[in-house]
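If you read the protein sequences in the order shown, they are chains A and B.
Just so we're aligned, residue 9 is where the first sequence starts under the numbering used here, counting upward by one.
Just so we're aligned, residue 19 is where the second sequence starts under the numbering used here, counting upward by one.
It is possible that some hints are incorrect.
Here are the simulated EDC-like cross-link-like pairs (lysine to aspartate or glutamate), alpha carbons at most 16 Å apart as the crow flies [said to hold, decoys possible]: (1) Lys82/B with Asp99/A; (2) Lys112/B with Glu86/A; (3) Lys201/B with Asp161/B; (4) Lys72/A with Asp108/B; (5) Lys66/B with Asp114/A; (6) Lys63/A with Asp108/B; (7) Lys82/B with Asp102/A; (8) Lys124/B with Glu86/A.
Footprint (simulated), chain B over chain A, 3 or more residues, beta carbon under 8 Å [said to hold, decoys possible]: (9) 80-90; (10) 103-117; (11) 187-197.
None of these hints come from the bench; they were simulated from the model.
Virtual Cβ for every residue (Gly too), placed ideally from N, Cα, C.
Here's the letter readout for the chains.
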Amino acid sequence: MTSEGNEIKLIGAWPSPFVMRVRIALNLKKLGYEMLEETFKKSELLLKSNPVYKKMPVLIHDGKPICESMIIVEYIDETWTSDGASILPSDSYDRAIARFWTAYIDNKIPDAISKLRPMVRGSVEAEAEAEKLVATLQVIEEAFEKCSKGQSFFGGNNIGYLDIALGSCLAWIKALEKMVEIKILIKEKIPGLVSWSERFCAHDAVREVMPETDKMVEFAKVLLSVMATTPAN
Amino acid sequence: MASEKGVMLLDFWVSPFGQRARIALAEKGVQYEYKEENLTEKSELLLKANPVHKKIPVLIHDGKPVCESLIIVEYINEVWSDKAPLMPSDPYQKAQARFWADFVDKKVYDCGSRLWKLKGEEQQAAKKEMIEILQLLEAQLGDKKYFGGDSFGFVDVAFVPFTSWFYSYETCANFSVEGVAPKIAQWAKRCMERESVAKTLYDPKKVYEFVCFLKKKFGVE
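When you get a sec, could you build the whole thing from the sequences and use the hints?
Below you can see the structure in the form of structure tokens.
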């Protein structure tokens with residue numbers, strides 16, 4: 009049960025998959041929090057709370073900042089233990105596997121998204137880049153078979169650490185399919201993950217924080233124009 | 019892999035990532051079989067144990083492989099929890115430890131490699147970055163005995179293998195770690211007083227020989 013002095017603030021922005029990860033974790037634990045929405049210009053609070061990387065998300069719990077999305081997710085899991093299901097698996101080996109695949113996802117998918125975002129719709133390079141992303145997801149499909157053991161999610165019956173890591177990328181993936189006219193969530197190639205993605209997006213803890221595809225596409229256009237006119241931040 | 023009982027570590031002698039695993043195992047007093055890999059001719063076992071990255075270190079525990087050095091260290095810490103805890107128990111302190119270990123992971127090896135691979139302006143830029151990294155870590159260490167406080171912990175394990183590379187960084191880029199980050203230099207000496215570290219790290223001159231070999235291999239003057 010949450011006690012007094014449990015003030016939770018989250019510095020973030022609704023389109024960010026990294027921020028979404030934290031929101032999903034907070035939802036799983038049924039925790040209330042204040043969302044401090046960042047704009048394209050970084051706030052003083054963000055710069056102060058994450059001086060090393062100057063990036064969101066930052067969770068501020070009773071005034072203390074925690075940075076790096078999956079570190080925050082683990083922190084939430086370890087701090088609020090009686091609320092809701094466990095986010096990380098309980099078995100040490102399963103935890104190592106969840107962490108391994110999360111690192112793999114973070115190594116590959118954000119970069120792939122960044123590469124695809126400015127590409128011309130239907131172009132040869134977009135097709136090639138999309139194929140690479142599908143190949144990455146095919147590797148993850150195998151991991152899904154092993155981790156889920158026939159259940160709905162990587163975490164088993166409920167969403168867990170690895171579901172959050174990958175699922176948070178779905179908003180961008182779907183937006184890119186539309187914007188760049190490419191296919192990524194291909195049922196014939198990654199059947200397990202396609203079904204999983206539908207279940208993930210429909211989950212109570214996810215639904216309200218997963219932006220709609222059209223909204224993401226609109227945001228992407230704004231983002232691309234901002235990136236074209238400002239130096240790298 | 020046969021489901022044999024026991025612990026095996028697939029590794030490469032000078033790898034700071036492998037050394038993290040070795041130090042953690044030593045701190046915990048775990049008996050294990052060390053297998054040196056030839057990275058130009060990777061063994062069947064390595065390719066099977068780490069098909070995704072084909073990299074060392076890989077810890078194989080009762081036939082099951084664990085990959086990625088910091089993940090291996092957390093695994094070792096959780097499984098052999100009876101001795102030498104490498105993580106604080108407080109979730110906030112744990113988050114801080116994970117953050118800084120991840121920082122070391124993201125920054126030190128890459129920046130260090132640029133110090134010996136590059137020349138001229140690019141090398142100067144890498145040197146500036148390395149000094150910033152060392153000073154950030156120095157600020158984090160402060161006046162503590164270890165990054166973990168009084169106990170040798172996760173961040174210490176993550177960073178200490180790179181101390182045997184300091185001489186190489188200093189020689190290639192012409193600066194002094196002690197000069198820019200004296201507390202880090204002292205911390206490195208304190209860590210060497212620990213058996214787990216002293217028995218795992220190679221002499222900095224030997225590491226430098228290896229760096230020179232790499233420079234030749236990559237055609238760097």
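Now the hints, each set against the structure:
Only pairs whose Cα atoms come within 16 Å are accepted, and Lys82/B paired with Asp99/A is accepted, the gap being roughly 13 Å. A threshold of 16 Å between alpha carbons decides the hint, and for Lys112/B with Glu86/A the separation of about 9 Å falls inside it, so the pair holds. Under the criterion of a C-alpha separation no larger than 16 Å, the hint pairing Lys201/B with Asp161/B is consistent with the structure, at around 8 Å. Proximity of Lys72/A to Asp108/B is assessed by CA-CA distance (about 13 Å); at most 16 Å being required, the pair is judged to hold.
This hinted pair does not check out: Lys66/B and Asp114/A have alpha carbons roughly 23 Å apart, beyond 16 Å. A distance of roughly 24 Å separates the Cα atoms of Lys63/A and Asp108/B; the hinted pair therefore is violated under the 16 Å criterion. The straight-line distance between the Cα atoms of Lys82/B and Asp102/A is roughly 11 Å, inside the 16 Å bound, and the hint therefore holds. This hinted pair does not check out: Lys124/B and Glu86/A have alpha carbons roughly 24 Å apart, beyond 16 Å.
Coverage of a stretch by a chain is defined here by at least three residues with a beta carbon nearer than 8 Å to that chain's beta carbons; for the stretch 80-90 of chain A and chain B the count is 5, and the condition holds. Coverage of the stretch 103-117 of chain A by chain B holds. Counting CB-CB distances below 8 Å, 6 residues qualify, and the rule asks for three or more. Coverage of the stretch 187-197 of chain A by chain B is violated in this model, with 0 residues showing a Cβ closer than 8 Å to a Cβ of that chain against a need of three.
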